[in-house]
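Asker: Listed below, chain by chain, are the residues.
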Amino acid sequence: MTLAPSTNSVDPLLQDIVGPTPGQQLRRRFFGHRGLMIGASVVAVLLVIALLAPVIAPHDPYAQDLLARMKPPVFLGGTWEHILGTDHLGRDYLSRLIYGARVSLLIGFVAALISGTIGTAMGVAAGYFGGRTDAVVTFLINVRLAMPVVLVALAVVAILGGSLQVVIGVLGLLLWDRFAVVMRASTLQVRGREYVSAAQAVGASTPRILLSEIMPNILNNLIVVITLEMAHAILLEATLSFLGLGVQPPTPSWGLMVSEGKNMMLFEPWLVLIPGAVLFVLVLAINLMGDGLRDVTAPENRS
Amino acid sequence: DKSDGTLSVAFTKELENVDSYFNSSREGVVLQRAVWDGLVYRDPVTSEYKGNLATAWEWIDDVTLEFKLREGVTFHNGEAFNADDVVFTVNFVADAENGVKTQRNVSWMKSAEKIDDYTVRINLKAPFPAAIEFLSGPVSMYPNEYYAEVGPKGMGLNPVGTGPYKVAEVIPGQRFVLEKNAGYHDSPKGQPSIERVDIRTIPDINTQIAELFNGTLDLIWQTPADQAEKLAQMDQFTVANESTMRIGYLTLDAAGRTGEDNPFTNLKVRQAVAHAINREALVSALLKGKSQVISTACFPSQFGCDQAVKSYDYDPEKAKALLAEAGYEDGFTTEFYAYRNRDYAEAISSYLNAVGIKTDFKMLKYSALRELRTAKGTPVSFQTWGSYSINDTSAITSQFFKLGALDDARDPELRDWLDVADSSTNPDTRKEFYSKALNKIADNAYWVPMFSYNTNYVYGNDISYTPTPDEVLRFTTMTWN
Amino acid sequence: MSQSDTPVLELRNVTKTYSVKQGLLGKSKPLTAISDVSIKLARGEVLGLVGESGCGKSTLANILLGLEAPTSGEVLVDGQTLGGQDRLALARRIQPIFQDPYSSLNPRKNIYDIIALPLRVHGIGDEASRQKSVREILDIVGLPARVMNNYPSQMSGGQRQRVAIARALIMKPEIVICDEPTSALDVSVQSQILNLLNELRQEFGLTYLFISHNLAVIEHLATRVAVMYLGRIVEEASVGGLFDAARHPYTDALLKSVLTPEPELGIPDTHLGMSYPNPIAPPEGCHFHPRCPAASDLCKSKRPEPLFDPNGRIECHLHSP
Amino acid sequence: MLNFILKRLGLAFLVALTVSFISFSLLFLSGDPAIALAGEGATDQDVVAIRELYGFDRPMLVQYASWLVNALSGDFGESYYFKLPVSSLIADRLSVTMLLGLCGISFALLTAVPLGVIAAIRPNSIIDRFALFLSVAGQAMPSFWFGLILIVAFSIKLRWLPPSGTDSWRHFIMPTVVLGYYAMPAIMRLTRAGMLDVLSSDYIRTARAKGASEMRVMFKHALRNAIIPVVSLAAVQMGFMLGGSIVVESIFALHGAGYLAWESISRNDLPTVQALILVFSMFYITFTFLADVLNAWLDPRMRSS
Amino acid sequence: MSQNNFRQDIPLLSIDNLTIDIPTAAGTLHAVRGISFDLKRGETLCIVGESGSGKSLTSLALMGLLGKNITPRADKMEFDGVELTTASARTMRNLRGARMSMIFQEPMTSLNPAYTIGDQLMEALTLHGSTNRKKARARAIELLEKVGITAAESRLSQYPHQLSGGLRQRVMIAMALMCEPELIIADEPTTALDVTIQAQILRLLAELQREMNMAMILITHDLGVVARVADKVAVMYAGELVETGPVDEIFAAPSHPYTRGLLRCIPLPGKTKRGSVLGTIPGIVPSLVGEVNGCTFRTRCEHASPACRGTIPLHTSPTGTHTFRCIHQPEDLETDAVQSTGANA
Ligand SMILES: Nc1ncnc2c1ncn2[C@@H]1O[C@H](COP(=O)(O)OP(=O)(O)OP(=O)(O)O)[C@@H](O)[C@H]1O
Ligand SMILES: Nc1ncnc2c1ncn2[C@@H]1O[C@H](COP(=O)(O)OP(=O)(O)OP(=O)(O)O)[C@@H](O)[C@H]1O
Ligand SMILES: [Mg+2]
Ligand SMILES: [Mg+2]
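Chains as they are written, first to last, in this note's numbering: chain L, 1 to 303; chain Z, 304 to 784; chain D, 785 to 1105; chain F, 1106 to 1410; chain C, 1411 to 1755.
Hints were generated in silico from the structure; no laboratory data involved. Mixed in with the good hints there might be a few duds.
[As the list claims (entries may be wrong)] List of simulated lysine-lysine pairs, BS3-like, C-alpha gap at most 27 Å: (1) K1040/D to K1681/C; (2) K1325/F to K1478/C; (3) K824/D to K1683/C; (4) K1262/F to K262/L.
[What the hints assert, rightly or not] Far from chain F, some chain Z residues (derived; all Cβ distances over 12 Å): (5) A429; (6) A485; (7) N509; (8) V586; (9) P619; (10) A624; (11) G630; (12) N742.
The beta-carbon is built from N, C-alpha and C at its ideal position, and this holds for glycine as well.
Using the sequences and the hints given, assemble the complete structure.
Answerer: See below:
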């Protein structure tokens, strides 16, 4: 009785009883994850470039000069006037790449947002309400998965014409499947937890339970899927543009640039290599970010 | 290769049906000229008409043509050629019910009748001066018994004609193998010398070039200018360039179909557009080769295509001034449509942007654009027309300025003049009225004609070939070196 | 007070049937999780509910909490059917404490938000008065006020279970449904929680339904005990009556199986069979007969009728009237 | 089991029906098919004649119903462009695509599964990191770009492989790689995750406690269980792959169904596009169905129910 | 130390100063520290302790199943003369399953779902010997009958998911016994089971052990189980053995404050007054990451004093079989009987 345990506060054995908050842990893991940091920084840099495009770009990306077509980049014997050379209409390649970042990021982001909204609503509803709702959603997911994405997207874009809005809309309406699948599974998992029953037993309304008990606990998965689907949308847009049914010229899209450069691929391979490489780096960075986020948020989800 | 006597050729587009009445593509024309013959033949160099399956012909009246047929000609399947074949073919294709795809090529004919085994008459619906031209082009003669049996589908899979080449194999859309017709009649087309022609569809130009490098292709054509230029720098290939009848032009919504207040209803705006575009630069930087800047709404070699019309030189300042006069000091924004040659269209739209006409660029599939133009019209669109290689102004100007669905000018006076020119049998009257119409089109800048197209032919040095300006690949005139 | 004869909580002939699917697309079959269960809870008593895993204890608790609707039968609170009552009103009177202190607290919320949730849902008080209530209840369950800003992951199992108790009690309910509240805890922590529950009951006059498979705990805490087997209550009696003189062979086996820390005693022989029945296809007759050491032919064919007597209730052919 | 198969078939049929309706209505919105049918350079008379000939003025549901009834008997109508029965057109092209898909999925499985297993056996090792990098990088590589690079490298610069065509097995190497690599990361990850999961499971500990050798533990006890989800994934990927063959076929000029699809879209060849969407969906549906049956057989828990 | 049988004088298993350190992100986790005990043939040792106290790690270390990145250290860890710390992987493999086997806690997940019961049972035998399948099958049937499974023959072709938890645990026991091992380690074999089944399984295990004269280590956190099954008891707290001794001595005269606290925590039917206040051990188990010194129980101990941070002596009873680790003499602890309540965290 002489020494009550709680007064023994300097004892080293007692140190770690109150650990860091989940937020602190998350931050620590976040900054400790190399892939995540690399991916996030690259994405951040590209984002800044995209936002500041008018300031950074050395030339007007639309200004053509038919007398200076397909000038090679500086490292292949070009001039500093056009660091990455010019395209088949004599437009500055670097400036077009910089403006292209806007297109890719915009498409990735908005398409992921649209599909995320659709998929999350479906997935959460299926997971939470189960029964018939679940059956319908599962069926819809099956139908969606059975439709060949590239083919359907191409067909729709061909029909409606390839404006930026149409491409974003088509991708947004096609890529919700993974959201629905993941959100359904996460909701199902969280729904079985006893704190949900506790909230129900307290009399909390369904919207309240969905918003304050379920959503915060599936948000991490949602964020991971958003990043991965963003990458997916960006790649798909590039593919559509490559096949000639994506966004329309003169809008500089990287996929379109590859497609345009493709014609001279055998003679001027850099026309294809440069935009493809930038596209690769962006998608790689987003994927690294998504993977990192998954790593960082997963253990928390388990405990 | 020369070693195995087979010439490997690439087509870029998939050909829908080898039956020449049921496709509308250039590739189809190439095969048509190789596999079938027409009654008449026009020398592509001299433009002189010669007898082919017919030996002589004469106009009985304005609407009746009589032909004497060549004797002793047989089809590839052994069927003999005679008046029955001509009568059957003409009656079949002239009947709209049978769904010939290119109605314009055949709809001027009413029927055919047999006079005797080697004499036939073709009856026209109305006087049609370009009849011989058409008969020397798209109208080829089919074997009546065989065609009655298999129809267009069977003809497409297993074509039979009288031409210099027999079809040995067809994989629809992918591959056609031709073999020399050893018993080819004494035709003005000449006798074939190359044994076999192996045609594959390779849509991608890079792949075509790569195969050319690898020696698995001997000849490619319609090669884009930039690539052709590079290939010409290499020793092992010959690059030949020939002009074609296709022209590129802008059609402007002068009639206000997209809205009464459309800027293009204003003549000054249309003229500003014409002044804004540096057509010389387009030709020298993008099209290259034998392309030329044109100012009339037809291809210069076409009958009646008067070149002495108003021409608009590149003058952006003047364009801006005209726009200001028209009340568009700050320019305006308009939709700009195109369906092919995205790079040309982009370059054009960029010129328009430079003088203040901001374009909202829309690239559509041909059918979608055509539907849009038919239904509502478009403010500006970049169009091209190849006239089916028919060397007559009626094949282009009359197609678009007679108040049809694609007529953006909708000028009744033009229609009347063109009607006269199309149906008159007097060449001078025709010339006069075409000239009047073409001058009015130019003065009013209904169209902004831009340039004519050209075609590149790239082939190994072991082949000799001289391409013709009608953009038809003629295997008969090719030889191994 | 008339309240003394009306039970605060009563189940009348409640049956709950789930339809379960086997495999991805298998046929769904009915599974009767609880069948024809009737119990009464008088004010201030602790009804202990024991039974094997899967016998329907949690299902029963969920029905009482309104989390599941019974397939048939009635739930009455103060003599009134549950279905007609307002869910919110009900939530004020009946609150749960769950088994797993890890999954019963939302890991994304801090302790204050977790405990204050019932107040928010019911719109009680303003933020300041809620703060005060939470502080009070934390004190009552023996947690320092500073844990309010902690997250569940920063606390031990015992502490979490105290948080769960605080959440259940903040609305001052009359009835607390404890579904195995200590079985996930180490014994050294279990006793703390049991003491706390006991204290709270005395202080606030709570009524407990206490579910556990640990008979020692039930004996320590309960005033009355109900024994469940495969969805049915097979015996019910006062705690003294049951532990001193079990009547149902299953209860008997249960009691025998309790291993007390008495080294001089060996491992008991329960004489039970091993064939634990499939709840989807329960055996004919008495559900327990395949394992019962005293089963007769009658038990195989005919289900025993429940017998009510002053000792409580028994459902066994050995004790039929 | 039979019951399972029947129900699964019913579901598959419903999915196929829905897909067919969506694809039909989608393309029906595409405007006037008569113009597409007439082709470039047709005159107004041509278009009018064609519209009447094909009866495009009927209500959509009527057209769908008649199309569906015919489709059920394998008649997808006639291609607007080729004037040939769509079914025979597709049948001609399908073998290339199927072969390509088969090669692609085999390539993906043969590289991804071993890599995933090794990565799981040695987590955090160099091989694991390499595999992980490969999977992230692989997923980021645009396949059209990858294909073009391969052509430049192996056909033009090195001249090892033919750039296009289907004449020999060498023609299939690059398309196989380009088609297959995209499925690799997912399969690799799933194998790795499945193996890791299984390896930390209690029954693996049991097997080790019995004295089983590491090889036996890995291949007899672990892989058998870890492979079950991979089978489903491979089926899904195979379905996607056939849909993704559009890009590969257009790059390598393979005249398969994917290329036909692309061209048909460009040509507004409605019946062909409709049929192709349905055919690709049917492949997906069939593969997932087969995978489910295979899984049911591989996994005793499903087998007995 | 005075048993009667001559062979049993030599311990089958002898462990001295077993230490297990686990590298983690936060630092080294000193999960098990300085554990020593001996076990003879036919003897049952129960290791009891709170969740996370290192019971399973100890048993896995014996089996050589700790995994690649955890290496146990010990002055001695001998099984029938074979030093386990230095034994080759092959030697360990030959021992495992054949001479020492293990039963795990989770009957539901410890069997491979992809193979039949028969396959898995027979594998245990065929892995270690010259037996053919037929003999292995006969042995499997024999053992299944022995563990009380009826219709053993037909069970062989069943899959694990077709059996209930109790049956699976019996299969696990049968599997552990296939090669007639000399040592069997059961890690909480009944925690997942219902009380009635627990009693049945424990009874079965004890019978078989006696019959085959095996040494058994039974791990549990249930003092009731310990009391009924054990010959010897080892009480673990936070990675250390705080008290060991013969079962009757431990229960009659628990010495370490933790052992005493534990015994006070559980309500004893018939002894503890119903509804009375139970004894408690306030506080929580300390983290073992980083430097660990002194008595780890001091944070929860009612007798704690600053001296508890220093070296802790090991007291041995006069009989020499009962030991415990504490700075206090047993007599000092005897006097204190105050029960702390739970509300002082
Ligand atoms: N949502 C549900 N759907 C289908 N079956 C269910 C559902 N919930 C419970 N069951 C089944 O009902 C029966 C009773 O389950 P319940 O959870 O009430 O048992 P329990 O006595 O609480 O068991 P435990 O001691 O393991 O918690 C079990 O067979 C269970 O599988
Ligand atoms: N592979 C590992 N990596 C990191 N820590 C581990 C690992 N295995 C065990 N531990 C930690 O070592 C400590 C002892 O674990 P052990 O499994 O031996 O406990 P136990 O006494 O068996 O507990 P229980 O009664 O819960 O089974 C625990 O704190 C545990 O978290
Ligand atoms: Mg339960
Ligand atoms: Mg353990």
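Asker: Give a verdict on every hint.
Answerer: Evaluated hints:
no. : hint               : verdict
1   : K1040/D to K1681/C : holds (16 Å)
2   : K1325/F to K1478/C : holds (20 Å)
3   : K824/D to K1683/C  : holds (26 Å)
4   : K1262/F to K262/L  : holds (16 Å)
5   : A429               : holds (14 Å)
6   : A485               : holds (29 Å)
7   : N509               : violated (7 Å)
8   : V586               : holds (23 Å)
9   : P619               : holds (33 Å)
10  : A624               : holds (38 Å)
11  : G630               : holds (35 Å)
12  : N742               : holds (25 Å)
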